[in-house]
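Chemist: As a plain string of letters, each chain reads:
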Amino acid sequence: MNAFIAGVGESPLGKTPDLNAMNLQHAAALAALADAGLTLAEVDGLLTTPIRVAQWAMPVGMVAQGLGIRPGYLATLDVAGASGTAMVHHAAMAVATGQAKTVLCVAGQNQLTNVSRDATVAQLASVGWAHPEYEAPYGPLIPTLYALVAQRHMHEYGTTPEQLAEVAVAIRGHAALNPLAHKREPITVADVLASKMITTPLHMLDCAIVSDGAAAFVVTAHPGKKKPVKLLGQGYGFTHAYIGEHDNIATTGAVQSGREAFAMAGVTPADIDVAQLYDCFTITVIAELEDLGFCPKGEGGRFVEGGRIRLGGELPVTTHGGLLSAAHPGLAGGMFHVVEAVRQLRGECGARQVRDAELALAHGNGGIIGIHCTLILGNA
Amino acid sequence: MLPPRPTNRFMLPRCEGCGKFHFYPRPACPHCGGARLAWMEPSGRGEVYSHSTVHRAPSAAFKDDVPYVIAIVKTDEGPHLLSRVVGVSPEKVSIGMRLRVRLGDRGPEFEPEA
Ligand SMILES: [Zn+2]
Chain A
1 MNAFIAGVGE
11 SPLGKTPDLN
21 AMNLQHAAAL
31 AALADAGLTL
41 AEVDGLLTTP
51 IRVAQWAMPV
61 GMVAQGLGIR
71 PGYLATLDVA
81 GASGTAMVHH
91 AAMAVATGQA
101 KTVLCVAGQN
111 QLTNVSRDAT
121 VAQLASVGWA
131 HPEYEAPYGP
141 LIPTLYALVA
151 QRHMHEYGTT
161 PEQLAEVAVA
171 IRGHAALNPL
181 AHKREPITVA
191 DVLASKMITT
201 PLHMLDCAIV
211 SDGAAAFVVT
221 AHPGKKKPVK
231 LLGQGYGFTH
241 AYIGEHDNIA
251 TTGAVQSGRE
261 AFAMAGVTPA
271 DIDVAQLYDC
281 FTITVIAELE
291 DLGFCPKGEG
301 GRFVEGGRIR
311 LGGELPVTTH
321 GGLLSAAHPG
331 LAGGMFHVVE
341 AVRQLRGECG
351 ARQVRDAELA
361 LAHGNGGIIG
371 IHCTLILGNA
Chain B
1 MLPPRPTNRF
11 MLPRCEGCGK
21 FHFYPRPACP
31 HCGGARLAWM
41 EPSGRGEVYS
51 HSTVHRAPSA
61 AFKDDVPYVI
71 AIVKTDEGPH
81 LLSRVVGVSP
91 EKVSIGMRLR
101 VRLGDRGPEF
111 EPEA
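Those protein sequences? They're chains A and B, same order as listed. The opening position of the first sequence corresponds to residue 1 in this note's numbering, with each subsequent residue numbered one higher. The opening position of the second sequence corresponds to residue 1 in this note's numbering, with each subsequent residue numbered one higher.
Just so you know, the hints here were simulated from the structure itself, not pulled from any lab data. Among the hints, a few may not be true.
[What the hints assert, rightly or not] Simulated pairs of lysine-lysine, DSBU-like, Cα-Cα distance not exceeding 35 angstroms:
(1) A:K196 / B:K63
(2) A:K183 / B:K74
(3) A:K297 / B:K92
Computed from a predicted model, the values in this text were never measured in an experiment.
Using the sequences and the accompanying hints, generate a full structural model.
Modeler: Take a look at the structure:
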């Protein structure tokens with residue numbers, strides 16, 4: 001399948017009270033198209049995700065209208081946090097079949113300034129990640145559902161709070177080198193452990209931030225004008241919708257998504273130069289490192305020690321700063337991992353550039369570790 | 001289709017074909033595909049599979065409960081279910097702790113086995 005990511009971009013990120021969801025998406029779309037050397041008039045395919053801050057009955061229609069385009073291929077995609085990576089694959093299928101030549105993928109919203117943080121927490125808790133009838137009445141936060149994963153992982157493999165904290169520290173260190181990132185002030189393991197306990201064993205700094213922002217990329221059948229970045233492989237993995245359904249919660253669907261993506265690309269985890277892992281919580285990264293095959297099962301906690309996932313380490317992870325520090329405006333959060341993978345492969349990352357990066361992995365995780373989409377991207 | 005979950009006792013869906021319990025309720029048995037399902041009373045015993053003590057309430061409705069223990073309970077019959085562990089201080093809850101059900105306002109909850 002011949003598909004390339006020809007352009008990437010984002011809106012202003014962080015706190016943007018003067019911009020609504022459509023403003024943010026418009027800004028991101030224009031940035032990605034300008035990066036590709038293309039114009040809105042050339043877009044004949046459009047993908048977006050649902051948003052939570054406004055009542056958009058038909059999100060992709062709202063976005064097409066807002067951008068002033070009438071694409072011949074369009075869809076609203078929702079595989080939760082895996083949407084960012086899955087969008088690349090869906091766009092690639094559209095260009096590979098000839099349904100479209102230039103597919104714009106764009107999503108984002110003013111998740112931070114639209115509502116108060118308390119309202120955001122309540123709104124997220126009510127979306128339905130916990131079963132509305134059998135689970136929500138007990139009062140789990142979304143972080144609680146991930147905390148259950150973390151607690152079990154600690155029990156089975158001896159993973160420690162310090163190892164979880166190191167994930168947040170490493171990724172914040174990357175955000176500090178990204179001028180666009182929402183949170184850039186460096187933190188230490190002690191800072192993470194001293195931050196407010198939300199739901200044991202997860203502290204405030206083990207959890208993703210909430211941001212305003214939008215991201216975009218352009219998928220085309222031809223390499224484009226910049227250094228080419230090609231989709232080499234992808235895979236999906238699904239295990240469960242509600243966490244109680246998964247009888248082995250320390251292991252995720254990334255096992256399957258990674259296996260399929262690596263097989264398709266014909267490469268192994270050892271070949272990957274930089275991994276943009278989905279980092280909604282620190283435990284997510286540790287489980288993904290194991291399940292994608294970067295280390296044996298249960299070794300993720302020990303793997304992150306010694307700077308191994310920091311820039312300059314053996315496997316730099318989530319080099320833009322991720323959901324933990326750079327941007328987390330809802331479902332679009334996983335798109336920034338794709339944007340960063342492309343920039344790393346082009347050598348455009350400045351102070352946070354991974355030297356000679358030729359092969360990147362971008363991973364999305366949705367629900368409560370239930371749905372995964374892994375991409376492998378490389379210089380064609 | 002299964003009727004709504006009974007509230008006066010702790011019940012789980014059970015397949016009349018293969019005799020196994022499951023959770024969550026669904027149109028067919030996840031073990032054998034059988035469609036003859038009924039709410040049946042399991043032993044009400046199980047153990048903590050994982051747990052988390054919530055310190056920040058998800059909404060005002062839970063503010064007075066903080067801190068409270070959310071757990072995945074592995075029932076002796078097999079199904080896992082999310083619930084609360086009550087009747088014990090949160091720091092004493094651990095994986096593997098034996099539990100028995102009791103009915104609370106929120107639904108079935110679990111407390112340490114005597
Ligand atoms: Zn059955």
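Chemist: So, for every hint listed, does it hold in this structure?
Modeler: So, going through the hints one by one against the coordinates:
{"no.": "1", "hint": "A:K196 / B:K63", "result": "16 angstroms, holds"}
{"no.": "2", "hint": "A:K183 / B:K74", "result": "39 angstroms, violated"}
{"no.": "3", "hint": "A:K297 / B:K92", "result": "28 angstroms, holds"}
When the structure is compared with the earlier hints, a violation turns up for hint 2 alone.
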